[in-house]
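Numbering-wise (numbering that gives the first Met the number 0), the sequence shown opens with residue 0 and increments by one.
Please keep in mind that the hints were generated in silico from the structure rather than gathered at the bench. It should be emphasised that the depicted structure is a prediction, and the values quoted were computed from it without experimental measurement. Some hints here could point you the wrong way.
Using 30 Å as the maximum straight-line C-alpha spacing, the simulated DSS-like pairs for lysine-lysine come out as follows [stated by the list, open to error]: (1) Lys260 / Lys286; (2) Lys284 / Lys223; (3) Lys223 / Lys158; (4) Lys284 / Lys244; (5) Lys286 / Lys247; (6) Lys131 / Lys101; (7) Lys5 / Lys115; (8) Lys253 / Lys284; (9) Lys5 / Lys101.
Cβ-Cβ distance ranges computed for the label pairs, FRET-style [to be verified]: (10) Val3 / Glu29: 21 to 29 Å; (11) Glu150 / Met185: 24 to 32 Å; (12) Lys260 / Pro98: 42 to 50 Å; (13) Ala53 / Pro190: 21 to 29 Å.
In this text, a Cβ means the ideal position worked out from N, Cα and C, and glycines have one as well.
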Amino acid sequence: MREVQKSAFIAIVGRPNVGKSSLLNALLGEKVAIVSPRPQTTRTRITGILTEGATQLVFIDTPGLHRARNSLGEYMVRQVGSSVSDVDMAVLVTDASEPWEKLSRAETDLIAQFRKLRLPAVAVLNKIDLLKDKEQLIPMMAVLNEAYPFEQIVPLSAKTGDGVALLRELLDGAAVEGPHYFDDDMLTDQPERVIAAEILREKALCFLSEEIPHGIAVTIETMKERESAGGPILDVDAVIYCERKSHKGIIIGKGGAMLKKIASAARQELEDFLQCRVNLQCWVKVKEDWRNEERMLRNFGFTEER
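Construct the complete structure from the given sequences, taking the supplied hints into account.
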């Protein structure tokens, strides 16, 4: 007899740089969201899909909730709000690596949304691998326990995987009888072009200096497969946009060294993800103040469903 299908939509929310994307990747067992030590790495809602047997969990990794300073920032904040309003459960991720005595304004705002929606939620204390004394978790758990009737508070490390299996078991309980909304073998709903652009942006975030990364965007201009003597090759042409002419030189680097370093790292990861050989060509262009131009935001894919 076939098992009854179940599904749930789950939003992963929290402040910037608490490890939301790392947690999504750990839950899926595969990398679908880019990760970097810099805050506000995730700009849009990224969907990760985990199907095990009759149960399908659809995770929505959201941008970190922060005070918007430009049109892109306002878009990111709206993405968090709309994500929470459309799900069956939320996972509030906090950073336990530096013990705290109270929640941030962003976290209390998110909890206010949970309360308004009467949304079931689980709290996560992430980065416990960085804590020398696990007893430091106790006062933080007390703060969370007082703030909202969470289903459970789970200390874990998305980096090492400690505690992730327990969280997955809890989230399975959020699934209700209903159809699977995605094919069972799907890992994400992101098109390959979007994944390729995000991987390239991740490598730029890793290698570039502090002031540049939030001023860059990446587009994939063409993505075509061709046959060669050694088998198929995927030709990918990408453009890295920056906001200032001075930044263009830094991204390219002396003799093109920095751009080559970024592209080489991105190509290797793309080949692993797509399981084929990739020929990645990158260019750098300047679009001043693009983060405040609605037309440019639309061109870069920052559009909202109506």
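The hints, checked one at a time:
1. Lys260 / Lys286: Answer holds: Lys260 to Lys286 is near 23 Å, not above 30 Å.
2. Lys284 / Lys223: Holds - the C-alpha atoms of Lys223 and Lys284 are around 22 Å apart, at most 30 Å.
3. Lys223 / Lys158: 35 Å, violated
4. Lys284 / Lys244: 9 Å, holds
5. Lys286 / Lys247: 10 Å, holds
6. Lys131 / Lys101: 20 Å, holds
7. Lys5 / Lys115: 26 Å, holds
8. Lys253 / Lys284: Satisfied, since the Cα-Cα distance of roughly 17 Å is no more than 30 Å.
9. Lys5 / Lys101: Outside the cut-off at roughly 37 Å; violated.
10. Val3 / Glu29: 21 to 29 Å: Check passed, 26 Å falls within 21 to 29 Å.
11. Glu150 / Met185: 24 to 32 Å: 27 Å, holds
12. Lys260 / Pro98: 42 to 50 Å: For Pro98 against Lys260, whose Cβ atoms are near 37 Å apart, the range 42 to 50 Å is violated.
13. Ala53 / Pro190: 21 to 29 Å: 28 Å, holds
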